[in-house]
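Asker: Here is what each chain is made of, one letter per residue.
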Amino acid sequence: MLDEDVAEATLDLAALKADTLLAEVRLEERNSRQISIRSGQVSNVTKSSDSGMNVRIVLSNGIGFSSSNRISKSEGARLVQEAVRQAKSAKRRSPVSFSSERAIDTSWEVRQKRPLVEVSTDDKLEYLRGLDNAVMKTGAKVQGRYYEQRDYETASLLVNSEGSRIRSLLPRVVVESYNLVSSKGETEQSIREWAATGGWENVEAWALEGVLADEVRMLKRQIDKGKKVKPGVKDLVCGPEVAGIAAHESCGHPMEADRILGREMSQAGKSFVSPDMIGKKIGSRYATVIDDPTVQGSYGYYAYDQEGVKARPRYLYKEGLINEFLHNRESASRMNVQSNGASRSEFYLREPIVRMGNTFVAPGDFEEDELIGSVKDGVLMHSFTEWNIDDKRFNQKYVSREAYFVKDGELAGPARKCILEITTPAFWGAIDAASKKVVLTSGECGKGDPMQGMATDMGGPMIRLRSVMLK
Amino acid sequence: MNELKELARHVLEVARAEGADDVVTEAINSSIAQVRFSNNQIDCINSWNEKHVALFVAVGRRIMSTDLRALDSKDSLARELVALAKKAPPSKIYGGIAKGKFKYRPGKIDKRIVGLSDPSKYVLDAIEGAESAGANNIGGTFYVRHGRNAIASSGGAFGSDESASVDLSVRAFVQPEASGHAVCCAAKLSDLDARGIGEKAGEMGVRAKNPVQGEEGKMDIIMEPLFLGSVTQSTSHMMSAMSVEIGASMYAKKIGKRVASNEVTFVDDPTITSTSRRSYDHEGVPTRRNVLIKDGVFKTYLHNTSTAKRFKTKTTASAGPLIPTANAMAAQPLPFHPVLTPGDWKLDEIIADTKRGLYFNNTWYTRFQNYSTGEFSTIPRDAILRIENGEVVGSVKNIRVSDNLMNLWKSVDALSKAAEEVYWWDEASPPSTLPIARATGMNITRSS
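Sequences listed follow chains A and B, in order. Under numbering that gives the first Met the number 0, the residues of the first sequence are numbered 0 to 470, in order. Under numbering that gives the first Met the number 0, the residues of the second sequence are numbered 0 to 447, in order.
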């Protein structure tokens, strides 16, 4: 149990300072477990508990954030002293301000049908060995095999000088796979992740033995039968995984207000989007991208952000227009709006910054076979391997992991390493259809300094891009 | 420091008494302050204070590890871990920990860094420096780090180490698409010239003014240490024996084979003075200089005791952290301080010798299609200068290097005499000491 007395005593000390605009104290505790196997053998078994606290002090001329892996009133007092000293030494020329938000007093948690803590190490190992066996049984030569399962519960208590008191309990579970398949002297690689909030029931629902067996068979097929795409302008149908990475990289990130304002300029970069671009055209009417942390069971789920603001869906691009940025309280104040609850922190050791939750392309009204059926000469890119995007989020590249040629509306054999290298407006402007079903995939989003890996989902329906250059 | 050593030894003894055969404990006490700045002013000052013990135990071949962070309960947690290990499934690939009488040479720290009370001053100097060079929008980070560490193992390791360093990263914009980036890593405060780093970033931003759309095609590329630091991160991780084992390395079966041009000698050297100097690896084996590529020929993988046993060789004292991180498996052999041996060129000579090429200040987002073959792309950022017939003739933007990493190293034909230590964010990491390098005929692509 996190000690509310420590939180309140520390907050009292922090709020005593006459010039404090805002004081926050966050106590957190995490119990985590991790097990991995490589080539069928135990590689690592780790079990850890961690708890600590932080103090964030906002003064008009600076912000100080101090943290420690000790929780006590005396440590809290030391952190207050340190954070105040730090905030004062910032000497900002333009004053700091935070949006005014309603004080919240609540508790929330994600329930587990099969609690993670009740699944034994032996059972987890058996589960991973089952994945390994399923892959080996395919007969494909899988020379690199690494499977990892990890889970944790994070208990958090956030109190602030405006009256918010938020208690939460968030369990998360993750499975990662790495496979390297070889055939005929060539190799193909697949690195994948499945993750959710909740208990072991999620792992059971993923049915990964079949998924991974299919994955290595597909990689072998890519090597044995895949052909390179002849470079040229073609139609491209993107599967949900590809739609999702585009939603995350070329919509979610450039729509982060802290990035737009330059706060990440020397690390994750700035944005091609400027504050005055709300309402500007970015794509076709099918370019609607939503960031929604409230999707139940999703990896990026949360009910309240780490500044105490209630989470809600954000329509970032809406029917082809730039619609709403992702905000924390500081960026919202700078742009004269309310925070939309996008302030997240990896753990108590890190300051909260603007982050995505679950970012996905909105569904359309087409059946999947309709999307492909009207393509005369194109490619279906189901999934990707190499990807990247520049630091203003304008030039991106996706290389297929699984792809197929499409001829006269029919799939026509595997296409190998199909490359899409395209600008952000060109990508979102080329969409002329989206299917009805949204599928989410999970990933660890990297941002912040020090890097904060953040639990996110991304996805979408199948989307069709007309006349794009493929290599 | 004695307190940390005693803490490490105490946890070791508790685990041994409970029945663990192999034990490694690493007691860590770190204090880090960071000043974050953007738009020419300080955004936030952060500090992190941590004291904890990383603990690895093996009962026979049954292995477990934990990060003991609730130190008031360290004894019961250590006992619990051993009890769990006794019930854990055995690992047939576990090969033990290092055994021996180890002697360490702890580094000396600059006490001025430990006592630094107002790090903001250096940031304000850097901003001023960049502004004086012509930049109008400046951001970055300044870190002050102090770490104390003690290690004890059932194999005979028992020692302590201390480090103190500062690192400054400055990105300076002159126009919205014209920027320069410069960094400084220093183990002595007197080696930090904050204003000079700001000026360097600003000057690079000025050179990058008015960029035009870059072209596709084969070009020679000249890479500053910051760019090369990012490439070095990918390269050196692939030298880990564990990366080789899971098929995530282009260096599998390459010992004794040519993997780079004659110019390239690549070393991991945690023993030299640097911000990542360390006296021992995470098993307690004294660190040493490991030559990984000698004159273009691959010499050895990075090993801990367990991987060395599987590869029928000896540890290179490269055992990584006992607790897995976002980028590494538990105890994965890792480089601590990569060094690319400098050449004999001056930068002016390299540029004068380049007929058609690009000069890169920095890069990010290096990603692979397949680690085992090395196909990758990376996105240059900050100044990208176009070189024609030995002269810089302008700057470009919106391009990507899309090639093969093995091919990049095989194409290196010039290295500068001067080298510098670089570290930046999660890209040029770990800290490395690198010259400027030229690789010929690399494939440049762009968005259509």
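Hints were generated in silico from the structure; no laboratory data involved. All figures in this text were calculated on a predicted structure; none of them were measured in a lab. Some clues are possibly wrong.
Here are the computed lysine-lysine pairs in the DSSO-like style, where the Cα-Cα straight-line distance is at most 27 Å [unchecked claim]:
| id | chain 1 | residue 1 | chain 2 | residue 2 |
| --- | --- | --- | --- | --- |
| 1 | A | K140 | B | K107 |
| 2 | B | K252 | A | K416 |
| 3 | B | K256 | A | K391 |
| 4 | B | K354 | A | K46 |
| 5 | A | K470 | B | K409 |
| 6 | B | K120 | A | K140 |
| 7 | B | K253 | A | K416 |
| 8 | B | K293 | A | K46 |
| 9 | A | K46 | B | K98 |
| 10 | B | K85 | A | K183 |
| 11 | A | K140 | B | K217 |
| 12 | A | K229 | B | K217 |
| 13 | A | K87 | B | K120 |
| 14 | B | K208 | A | K227 |
| 15 | A | K140 | B | K308 |
| 16 | A | K72 | B | K73 |
| 17 | A | K140 | B | K252 |
| 18 | A | K46 | B | K120 |
| 19 | A | K470 | B | K217 |
| 20 | B | K50 | A | K72 |
| 21 | B | K91 | A | K46 |
| 22 | B | K208 | A | K226 |
| 23 | A | K90 | B | K85 |
| 24 | A | K46 | B | K409 |
| 25 | A | K183 | B | K253 |
| 26 | A | K416 | B | K217 |
| 27 | B | K208 | A | K391 |
| 28 | B | K409 | B | K354 |
| 29 | A | K112 | B | K86 |
| 30 | A | K183 | B | K73 |
| 31 | A | K227 | B | K50 |
| 32 | B | K91 | A | K136 |
| 33 | B | K311 | A | K46 |
| 34 | B | K256 | A | K140 |
| 35 | A | K46 | B | K308 |
| 36 | B | K409 | A | K416 |
| 37 | A | K183 | B | K252 |
| 38 | B | K110 | A | K87 |
Asker: Regarding the pair K46(A) and K120(B), is the alpha-carbon distance no greater than 27 Å?
Answerer: Violated, at about 42 Å.
Asker: K85(B) and K183(A): Cα distance at most 27 Å?
Answerer: violated, 44 Å
Asker: Holds or violated: K110(B) and K87(A), Cα atoms, limit 27 Å.
Answerer: Holds, at about 24 Å.
Asker: Tell me if the straight-line CA distance from K208(B) to K226(A) falls inside 27 Å.
Answerer: Given that 27 Å is the threshold and the Cα spacing comes to 42 Å, the pair is violated.
Asker: Checking one constraint from the list: CA of K46(A) to CA of K308(B), max 27 Å. Satisfied?
Answerer: With Cα atoms ~26 Å apart, K46(A) and K308(B) stay inside 27 Å; holds.
Asker: Run the distance test for K87(A) versus K120(B): straight-line Cα separation, threshold 27 Å.
Answerer: holds, 13 Å
Asker: Does K140(A) pair with K252(B) here, judged by a C-alpha cut-off of 27 Å?
Answerer: holds, 17 Å
Asker: Tell me if the straight-line CA distance from K409(B) to K354(B) falls inside 27 Å.
Answerer: holds, 19 Å
Asker: Between K311(B) and K46(A), does the CA-CA distance stay at or below 27 Å?
Answerer: violated, 30 Å
Asker: Does the structure keep K208(B) and K227(A) at a Cα separation of 27 Å or less?
Answerer: Violated, at about 39 Å.
Asker: Need the status of pair K140(A), K107(B): alpha-carbon distance at most 27 Å?
Answerer: Not OK: K140(A) and K107(B) at ~51 Å, beyond 27 Å, violated.
Asker: Can you confirm whether the C-alpha distance between K140(A) and K308(B) stays at or below 27 Å?
Answerer: Holds, because 25 Å separates the two Cα atoms, which is no more than 27 Å.
When each numbered hint is compared with the structure, violations occur for hints 1, 3, 4, 6, 8, 10, 11, 14, 18, 22, 23, 24, 30, 31 and 33.
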